[in-house]
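As they're listed, the protein sequences go chains A and B. Mapping the first sequence onto the UniProt record's numbering, position 93 (from 1) lands on 93, and the numbers just tick up by one. Mapping the second sequence onto the UniProt record's numbering, position 23 (from 1) lands on 23, and the numbers just tick up by one.
Rather than coming from a laboratory, the hints here were simulated on the basis of the structure. No experiment lies behind these values; they were computed from the predicted model shown. Where a beta carbon is used, it is the ideal one built from N, C-alpha and C, also for glycine. Treat the hints with care, since some could be wrong.
Said to hold, decoys possible - Computed footprint of chain B on chain A; a stretch qualifies when at least three of its residues, placed anywhere within it, have a C-beta under 8 Å from a C-beta of chain B:
id: 1; segment: 121-132
id: 2; segment: 135-145
Claimed, not checked - SDA-like cross-link-like pairs, simulated, lysine to any residue; straight-line CA separation at most 20 Å:
id: 3; chain 1: B; residue 1: K82; chain 2: A; residue 2: F49
id: 4; chain 1: B; residue 1: K122; chain 2: A; residue 2: L95
id: 5; chain 1: A; residue 1: K118; chain 2: B; residue 2: P146
id: 6; chain 1: A; residue 1: K118; chain 2: B; residue 2: F16
id: 7; chain 1: A; residue 1: K160; chain 2: A; residue 2: L95
id: 8; chain 1: B; residue 1: K23; chain 2: B; residue 2: F70
To be verified - Pair ranges (Cβ atoms, derived):
id: 9; chain 1: B; residue 1: A139; chain 2: A; residue 2: I157; range: 43 to 53 Å
id: 10; chain 1: A; residue 1: V32; chain 2: B; residue 2: A139; range: 38 to 48 Å
id: 11; chain 1: A; residue 1: P141; chain 2: B; residue 2: V81; range: 46 to 56 Å
id: 12; chain 1: B; residue 1: K77; chain 2: A; residue 2: L82; range: 42 to 52 Å
id: 13; chain 1: A; residue 1: K118; chain 2: B; residue 2: S26; range: 54 to 64 Å
id: 14; chain 1: A; residue 1: K145; chain 2: B; residue 2: A131; range: 26 to 36 Å
id: 15; chain 1: B; residue 1: G32; chain 2: A; residue 2: G119; range: 48 to 58 Å
id: 16; chain 1: B; residue 1: D143; chain 2: A; residue 2: I144; range: 14 to 24 Å
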Amino acid sequence: MYQWDFGILWSYRWLFLNGLGVTVGFTVVIVVLGLVFGLFGAFGSLSRFKAVRLTALTFIEAFRCTPILVQLIWFYYALPILAGVEMTPITASALALSLYGGSFYSEIIRGGIISIDKGQSEAGAALGMTPGQSMRRIVLPQAIKRMIPALMNQSIIQFKNTSLVSVLAVPDLVYQSQVAAHDSYRPLETYTAVAVAYAAILIPLTIIVRRGEKRLAVSE
Amino acid sequence: MSETSKIEIRALRKSFGSNEVLKSISLDVAKGGVVALIGPSGSGKSTLLRCINLLVVPDGGSVRVGDTSFAFGDGSKLPGVKTLARFRATTGMVFQHFNLFPHMTTLQNVMEGPVTVRRMAKADAEKLARAQLAKVGLAEKADQYPATLSGGQKQRVAIARALAMEPDVMLFDEATSALDPELVGEVLNVIQQLASEGMTMVIVTHEIAFAREVADRLIFMRDGIVVEEGPARQVIDNPQEAATRAFLSHFHRTGALPPANAVS
Numbered sequence: 001m002y003q004w005d006f007g008i009l010w011s012y013r014w015l016f017l018n019g020l021g022v023t024v025g026f027t028v029v030i031v032v033l034g035l036v037f038g039l040f041g042a043f044g045s046l047s048r049f050k051a052v053r054l055t056a057l058t059f060i061e062a063f064r065c066t067p068i069l070v071q072l073i074w075f076y077y078a079l080p081i082l083a084g085v086e087m088t089p090i091t092a093s094a095l096a097l098s099l100y101g102g103s104f105y106s107e108i109i110r111g112g113i114i115s116i117d118k119g120q121s122e123a124g125a126a127l128g129m130t131p132g133q134s135m136r137r138i139v140l141p142q143a144i145k146r147m148i149p150a151l152m153n154q155s156i157i158q159f160k161n162t163s164l165v166s167v168l169a170v171p172d173l174v175y176q177s178q179v180a181a182h183d184s185y186r187p188l189e190t191y192t193a194v195a196v197a198y199a200a201i202l203i204p205l206t207i208i209v210r211r212g213e214k215r216l217a218v219s220e
Numbered sequence: 001m002s003e004t005s006k007i008e009i010r011a012l013r014k015s016f017g018s019n020e021v022l023k024s025i026s027l028d029v030a031k032g033g034v035v036a037l038i039g040p041s042g043s044g045k046s047t048l049l050r051c052i053n054l055l056v057v058p059d060g061g062s063v064r065v066g067d068t069s070f071a072f073g074d075g076s077k078l079p080g081v082k083t084l085a086r087f088r089a090t091t092g093m094v095f096q097h098f099n100l101f102p103h104m105t106t107l108q109n110v111m112e113g114p115v116t117v118r119r120m121a122k123a124d125a126e127k128l129a130r131a132q133l134a135k136v137g138l139a140e141k142a143d144q145y146p147a148t149l150s151g152g153q154k155q156r157v158a159i160a161r162a163l164a165m166e167p168d169v170m171l172f173d174e175a176t177s178a179l180d181p182e183l184v185g186e187v188l189n190v191i192q193q194l195a196s197e198g199m200t201m202v203i204v205t206h207e208i209a210f211a212r213e214v215a216d217r218l219i220f221m222r223d224g225i226v227v228e229e230g231p232a233r234q235v236i237d238n239p240q241e242a243a244t245r246a247f248l249s250h251f252h253r254t255g256a257l258p259p260a261n262a263v264s
C-alpha cells in the first residue's frame with residue numbers, strides 16, 4: 001500500500017504559488033486576446049464580402065481543426081524556420097492559445113448573432129437604423145445573453161489548456177510541479193495537488209455559470 | 001393624382017432567384033390616402049410593401065416617397081447603407097409578428113428610434129414616446145417588457161414605436177394576422193384613428209370588411225401583378241375580374257368591424 005505524504009509539498013509552496021500565478025495570468029491574457037480574435041472571426045464570417053468571409057473561415061477552421069499541442073510546438077519551433085519570426089516561449093504560447101480559443105469563440109459569437117430572429121434587425125432597419133446601429137442596439141444585446149454560458153464554458157477549457165504551455169518550458173503550475181516532482185521523488189502527491197488546485201478554481205466558476213444559465217432561462 | 005401623390009411606384013420588378021414576385025407594378029398613393037393591398041398568399045403584396053421602404057431592394061423600376069426617389073435596374077447604382085437608413089426613417093412600418101425589442105421596456109422600444117436614429121435628447125424622446133403610448137391607449141404599460149403584453153397590446157406598441165419617428169407614411173404588413181380574433185379590433189381601431197387623422201397608409205390585410213371601411217383605394221394582386229384596382233367599396237362590392245370575385249368569395253365583405261375590446 002502506497003504511503004501518502006502530502007506534507008513534503010509544503011517546502012515547494014512558493015514554487016506552486018508562482019506556477020499558479022503564471023497559469024491564472026496566462027488564462028486572463030488568452031481569454032481577452034481570444035475574445036478579440038473571436039470578434040474578428042465572427043464578424044468576418046458574417047461579412048458581406050466573400051474574401052473577408054473566406055479569410056475568417058480559414059482562420060477558424062485552421063485553429064479549430066488542429067490540436068492545440070501541435071499548434072504550440074509549431075508556433076515556437078516552426079515559425080522561426082519558416083517565417084524568421086523568433087518568439088519567446090511565453091509569446092508563442094500566448095499567441096497559439098489565443099488563436100486556438102479565438103476560433104471557438106468565433107463560432108460561439110457567430111452562432112449567438114444568427115440565432116436572433118431576422119425580424120429584429122428588420123425592425124431596426126425600418127426605424128431608419130444603419131446595419132451597424134441595429135447590430136449594436138438591437139441584435140448584440142440579445143445575442144450576448146445567449147452567448148455567455150458557451151463563452152464561459154470555452155474559457156474554462158482555455159484555463160485547463162494553459163497546462164500545455166509547460167511543453168515550451170513556460171513556468172506555469174504544471175511545469176513547476178514537474179520540477180517539484182523530480183526534486184522530491186513524490187509525483188503522486190504533486191500531481192494530485194495540482195489537479196485539486198485546478199478544480200478548486202474551476203468548480204466555483206462552473207457554479208456561477210450554472211446560476212447564470214438558470215437566470216437567463218427565467219428571463220427569456 | 002400624380003401631382004399630389006405621396007407614394008409613386010413605377011414598373012417595379014423583383015425576383016427571388018428564378019421566382020418573379022413582382023412583375024412591373026405601378027402604384028400611387030395620394031397624400032392622406034389609405035390603400036389596402038389584398039390578395040392570396042404568394043401574390044407579392046408583402047414584397048411590394050417592403051419595396052416601398054426598400055426593406056426589399058427592387059430589381060427594376062422606381063420608388064418615390066415624398067421628395068425622395070430611387071431608380072433601380074440596369075445602369076442605376078444601388079443606394080448606400082446611409083441613404084437607405086435616412087430614407088427608411090421617414091416611413092413607419094408595422095410587422096405581422098410585431099418585432100418588438102424584447103430586451104427593452106415598452107417605453108424604451110418607442111424611444112429607440114428617436115434616440116438612436118434622430119439623435120433626440122433622452123428627455124424629449126421620453127416625452128414623445130409617452131405621448132405615442134397614450135395615443136394607442138397603453139400609457140400605463142410604459143415600464144413593462146413586451147413579453148408581459150398581449151398580442152394586441154404588442155402590436156399597438158409597435159405602432160407607437162413607428163409613429164415616434166413621425167413618419168410621412170405608414171406601412172402595415174398583415175398587422176392583425178398573428179392576433180387572436182378577439183384582439184384584432186383594438187389594433188384596427190388604432191389604424192382607423194390614424195386614417196382619420198390623415199396619415200398616408202398602405203395596408204396589407206386579410207380583413208376585407210376593415211379595408212372596405214378604412215381604405216379609399218383597394219388593390220387586388222395575384223401572381224405578382226395588379227389584377228384589379230379602384231375605390232375600395234366599389235371593388236369589394238362589385239368586383240369586375242373573375243379572380244377578384246373568386247378571392248373575395250372567401251370573406252364576409254361587409255358588416256361591423258370586429259368589436260374592440262376595452263383597452264386594458
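(request) Mind taking a look at whether chain B covers the segment 121-132 of chain A? Criterion is 3 or more residues with CB to CB distance under 8 Å. (result) Since three or more residues must qualify, the claim that chain B covers the segment 121-132 of chain A holds, with 9 doing so at under 8 Å.
(request) Please work out if K23/B and F70/B have their alpha carbons no farther apart than 20 Å. (result) holds, 18 Å
(request) Just tell me: holds or violated, for the beta carbon distance of K118/A and S26/B against 54 to 64 Å? (result) 29 Å Cβ-Cβ, so the 54 to 64 Å window is violated.
(request) For the pair supplied as a hint, K160/A and L95/A, confirm whether the alpha-carbon distance does not exceed 20 Å. (result) holds, 16 Å
(request) Take a quick look at whether K118/A and P146/B sit within 20 Å of each other, Cα to Cα. (result) holds, 17 Å
(request) Note whether the CB distance of P141/A and V81/B lies within 46 to 56 Å or breaks it. (result) violated, 21 Å
(request) Given the range 14 to 24 Å, decide if the beta-carbon distance of D143/B to I144/A lies inside it. (result) holds, 23 Å
(message) Is 48 to 58 Å respected by the C-beta to C-beta distance linking G32/B and G119/A?
(response) violated, 29 Å
(request) May I ask you to test the hint 26 to 36 Å on the CB atoms belonging to K145/A and A131/B? (result) The hinted range 26 to 36 Å holds for K145/A and A131/B, with Cβ atoms some 31 Å apart.
(message) Between the alpha carbons of K122/B and L95/A, is the straight-line distance 20 Å or under?
(response) Not satisfied, since the Cα-Cα distance of roughly 43 Å exceeds 20 Å.
(request) Compare the distance between the alpha carbons of K118/A and F16/B with 20 Å, and conclude whether the hinted pair is satisfied. (result) Within the cut-off at roughly 17 Å; holds.
(message) Quick check: does the Cβ-Cβ distance between V32/A and A139/B fall within 38 to 48 Å?
(response) Distance hint for V32/A, A139/B holds at roughly 45 Å.
In summary, the structure is inconsistent with hints 4, 11, 13, 15 from the numbered list given earlier, while agreeing with the others.
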